[in-house]
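Student: Taken in sequence, the protein lines are chains V and S.
Residue 1 is where the first sequence starts when you use the working numbering, and the numbers rise one by one after that.
Residue 385 is where the second sequence starts when you use the working numbering, and the numbers rise one by one after that.
Don't take each hint at face value.
[What the hints assert, rightly or not] Pairs of lysine-lysine, DSSO-like flavour, derived with a Cα cap of 27 Å:
#	chain 1	residue 1	chain 2	residue 2
1	V	67	S	467
2	V	12	S	454
3	S	395	V	181
4	V	12	S	428
5	S	393	V	12
6	V	205	S	467
7	S	387	V	67
8	V	271	V	300
9	V	251	V	271
10	V	176	S	395
11	V	323	V	261
12	V	12	V	74
13	V	345	V	261
14	S	431	V	105
15	V	271	V	344
16	V	205	V	149
17	V	218	V	271
18	V	218	V	251
19	V	302	V	384
20	S	467	V	12
21	V	12	S	431
22	V	176	S	387
23	V	271	V	181
24	S	393	V	181
25	V	176	V	72
26	S	387	V	12
27	V	105	S	387
FYI, nobody ran anything at the bench for these hints, they're computed from the structure.
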Amino acid sequence: MELTREEESALKGEQGETMQTAYRILVATGEATDAERLVPIKWAHLSGVNYNTIGDAGEEFLSNISKEARVKVKTSLNPMGFDIDNVENYNLSENFISKQLSIKKSYETMGVMPSFSCIPYEIFENPEEGTQVSFAESNAAIHANSFDKLKTNKESAFSALASALTGKSPYSSLRKESSSKLTIRMKVENPDELTYGMLGFFAGKVGNESVNVSGVGKMDHRSCKSLCGGMGTSGTCAKFDFDKDNPESEKIDFDENEMNKIYDELNTCEKGDLITLGSPQLGLEEISDLVYRLKGRSFKKKCMIFCPRVVKEQATKLGHVDKLTNAGCEILSDCCTCLTPLIKKDEVDGVTTNSIKGAYYLQNSNGVGVNLKPLSKIIEDETK
Amino acid sequence: MRKILVHGKVKGTILKSQNPINFLGTMDKKTGIINDKSHDLFQKSVKDRILVFPYGIGSSVGAYTIYSIKSNNSAPLAMVCEKVDLTVATGCALANIPLITVTKDEFSLLENGKEVSLDTDLPNPIIFPG
Numbered sequence: 001m002e003l004t005r006e007e008e009s010a011l012k013g014e015q016g017e018t019m020q021t022a023y024r025i026l027v028a029t030g031e032a033t034d035a036e037r038l039v040p041i042k043w044a045h046l047s048g049v050n051y052n053t054i055g056d057a058g059e060e061f062l063s064n065i066s067k068e069a070r071v072k073v074k075t076s077l078n079p080m081g082f083d084i085d086n087v088e089n090y091n092l093s094e095n096f097i098s099k100q101l102s103i104k105k106s107y108e109t110m111g112v113m114p115s116f117s118c119i120p121y122e123i124f125e126n127p128e129e130g131t132q133v134s135f136a137e138s139n140a141a142i143h144a145n146s147f148d149k150l151k152t153n154k155e156s157a158f159s160a161l162a163s164a165l166t167g168k169s170p171y172s173s174l175r176k177e178s179s180s181k182l183t184i185r186m187k188v189e190n191p192d193e194l195t196y197g198m199l200g201f202f203a204g205k206v207g208n209e210s211v212n213v214s215g216v217g218k219m220d221h222r223s224c225k226s227l228c229g230g231m232g233t234s235g236t237c238a239k240f241d242f243d244k245d246n247p248e249s250e251k252i253d254f255d256e257n258e259m260n261k262i263y264d265e266l267n268t269c270e271k272g273d274l275i276t277l278g279s280p281q282l283g284l285e286e287i288s289d290l291v292y293r294l295k296g297r298s299f300k301k302k303c304m305i306f307c308p309r310v311v312k313e314q315a316t317k318l319g320h321v322d323k324l325t326n327a328g329c330e331i332l333s334d335c336c337t338c339l340t341p342l343i344k345k346d347e348v349d350g351v352t353t354n355s356i357k358g359a360y361y362l363q364n365s366n367g368v369g370v371n372l373k374p375l376s377k378i379i380e381d382e383t384k
Numbered sequence: 385m386r387k388i389l390v391h392g393k394v395k396g397t398i399l400k401s402q403n404p405i406n407f408l409g410t411m412d413k414k415t416g417i418i419n420d421k422s423h424d425l426f427q428k429s430v431k432d433r434i435l436v437f438p439y440g441i442g443s444s445v446g447a448y449t450i451y452s453i454k455s456n457n458s459a460p461l462a463m464v465c466e467k468v469d470l471t472v473a474t475g476c477a478l479a480n481i482p483l484i485t486v487t488k489d490e491f492s493l494l495e496n497g498k499e500v501s502l503d504t505d506l507p508n509p510i511i512f513p514g
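Just chain V, with the same shape it has in the complex:
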């Protein structure tokens, strides 16, 4: 990699230990991903926030680095493990809560915005087309590259943090113009958001870096998010193109048969003890839509709704939170279904959800069964 004189000096430690560590991460990541240089970025979004995933080692590292480190660019943050406003409902250990709050404090000390959201593209204004950003959350990186005309690698928690501290990121493949080497022909008719989630999961499995999809019509926002969440869960891809068929690209069909294979892999039980909506977290539009669809009906079992804090505040003002609470929902901000410590296998056998990303992690990390259904079917079956 070619470094500028200033970057070389930082790597040698002449600008302090924190900068040296940050540049060491950027150089290691850049060499690993064949980047020839570093480029400036305008926005970093960090993962590695939930104590359930980063553990004591992560908590200690962040606590140490936050003594000196300060972010240089706008930096937002992924969800953490719980919502402090209702954590008392969930029998979490005191150790978990205090370690999680220490992580929160470390990020805040570094100057990171405490957004605790996996949908930065929905709660912040997007910069102009072509802006280089550095997003670690996979669904957000895919959304940024595919729908928001931004450019990011599928960053790791570490490269995104190093980008936040330096304002730079390796100039790797996804930041450059290139066409997808694989085209998926969408053959499933009448798709809903669950179908798109499975299409994304399929794309992540078969693709590498980016995938072109042909034959999808206009998707609503819920379906776009589901598509990005699915792809981020199953592989290392971080971009969709649509109908940009490159004649040399390999073609593969996503049909009923492929869809059913994924459904059978992720749908592991017939009914859930509770329902979760969100992974990715719900935006205001989806919450308003849910209130509209319920039309005064109530859930027969507890429904956990995950959204960013700012969305909950807006939904509260609009009266949605009261209506949803009365309909048997609990609205949780700052956290998400994915890798949640709030759903435990000794308390819950199965969870109903419309999220492919949620389903994967509930099964593999929480060890509970998953009953997958689109939202329309959840409302039809689970409300009265």
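Since the structure of chain V is provided, determine the placement of chain S on it from the hints.
Tutor: Same frame as chain V, but now just chain S:
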């Protein structure tokens, strides 16, 4: 392919594995001992060795495990892999452990128990004494 991911200069004894290593799942972060029964380094500690293995696997959070073994003074002196992966690359960067990748032929020359010097500033970073 030969790549220098984290720079450094060390001298030590090779501990070689033919199996990929999952740092998050199988390494004790206090002692640096591998606790996966099916692994060829089962019950061996990576501490103060030049750890040679094909590549890392598993969650990217494994990078924090590499940081932990370094904080607990149980880290290898350096790592040499055949294939690069982001977990090991970022973990070694966090912990400041020299890391290089080598070609398949070079990888096969690195034998368990051999003494070597590693200097990432040299055109041939691995030197066999004698």
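Student: Could you run down the list of hints and mark each one as holding or not?
Tutor: Now the hints, each set against the structure:
Taking the CA atoms of residue 67/V and residue 467/S, the gap is near 35 Å; set against the 27 Å cutoff, the hint is violated. At roughly 20 Å between alpha-carbon atoms, residue 12/V and residue 454/S fall within 27 Å of each other, so this suggested pair holds. With a CA separation close to 44 Å, the supplied pair residue 395/S and residue 181/V exceeds the 27 Å bound. As the CA atoms of residue 12/V and residue 428/S are separated by approximately 33 Å, the hinted pair breaks the 27 Å bound.
With a C-alpha separation of about 14 Å, the suggested pair residue 393/S and residue 12/V falls inside the 27 Å cut-off, and the hint holds. Under the criterion of a C-alpha separation no larger than 27 Å, the hint pairing residue 205/V with residue 467/S is consistent with the structure, at around 21 Å. This hinted pair does not check out: residue 387/S and residue 67/V have alpha carbons roughly 33 Å apart, beyond 27 Å. At most 27 Å may separate the alpha-carbon atoms for a hinted pair to count; residue 271/V and residue 300/V meet this at roughly 12 Å.
With a C-alpha separation of about 36 Å, the suggested pair residue 251/V and residue 271/V falls outside the 27 Å cut-off, and the hint is violated. Distance check on the hinted pair: residue 176/V and residue 395/S sit about 39 Å apart at the alpha-carbon level, beyond 27 Å; violated. A C-alpha spacing of about 38 Å is found between residue 323/V and residue 261/V, which places the hinted pair above 27 Å, so the restraint is violated. For the given pair, residue 12/V sits about 26 Å from residue 74/V by alpha-carbon distance, which is consistent with the 27 Å threshold.
A C-alpha spacing of about 25 Å is found between residue 345/V and residue 261/V, which places the hinted pair at or below 27 Å, so the restraint holds. About 33 Å separates the Cα atoms of residue 431/S and residue 105/V, which puts this hinted pair outside 27 Å; it is violated. As the CA atoms of residue 271/V and residue 344/V are separated by approximately 16 Å, the hinted pair is consistent with the 27 Å bound. Straight-line distance between C-alpha atoms of residue 205/V and residue 149/V comes to about 23 Å, which keeps the hinted pair within the 27 Å bound.
Restraint check: the Cα-Cα separation between residue 218/V and residue 271/V comes to about 31 Å, which exceeds 27 Å; the hinted pair is violated. Only pairs whose Cα atoms come within 27 Å are accepted, and residue 218/V paired with residue 251/V is accepted, the gap being roughly 21 Å. Between residue 302/V and residue 384/V, the direct Cα distance comes to roughly 13 Å. Compliance with the 27 Å bound is thereby established for this hinted pair. At most 27 Å may separate the alpha-carbon atoms for a hinted pair to count; residue 467/S and residue 12/V meet this at roughly 26 Å.
Proposed proximity of residue 12/V and residue 431/S is supported: the alpha carbons are some 25 Å apart, at most 27 Å. At most 27 Å may separate the alpha-carbon atoms for a hinted pair to count; residue 176/V and residue 387/S meet this at roughly 22 Å. Our distance criterion of 27 Å between C-alpha atoms is broken by residue 271/V and residue 181/V, whose separation comes to about 39 Å. Simply put, residue 393/S and residue 181/V have alpha-carbon atoms about 40 Å apart, too far for the 27 Å limit, and the pair is violated.
Of the pairs offered as hints, the one joining residue 176/V and residue 72/V holds, with about 24 Å between alpha carbons and a cut-off of 27 Å not exceeded. Of the pairs offered as hints, the one joining residue 387/S and residue 12/V holds, with about 19 Å between alpha carbons and a cut-off of 27 Å not exceeded. For the proposed pair residue 105/V and residue 387/S, the alpha carbon gap of about 37 Å is over 27 Å, so the pair is violated.
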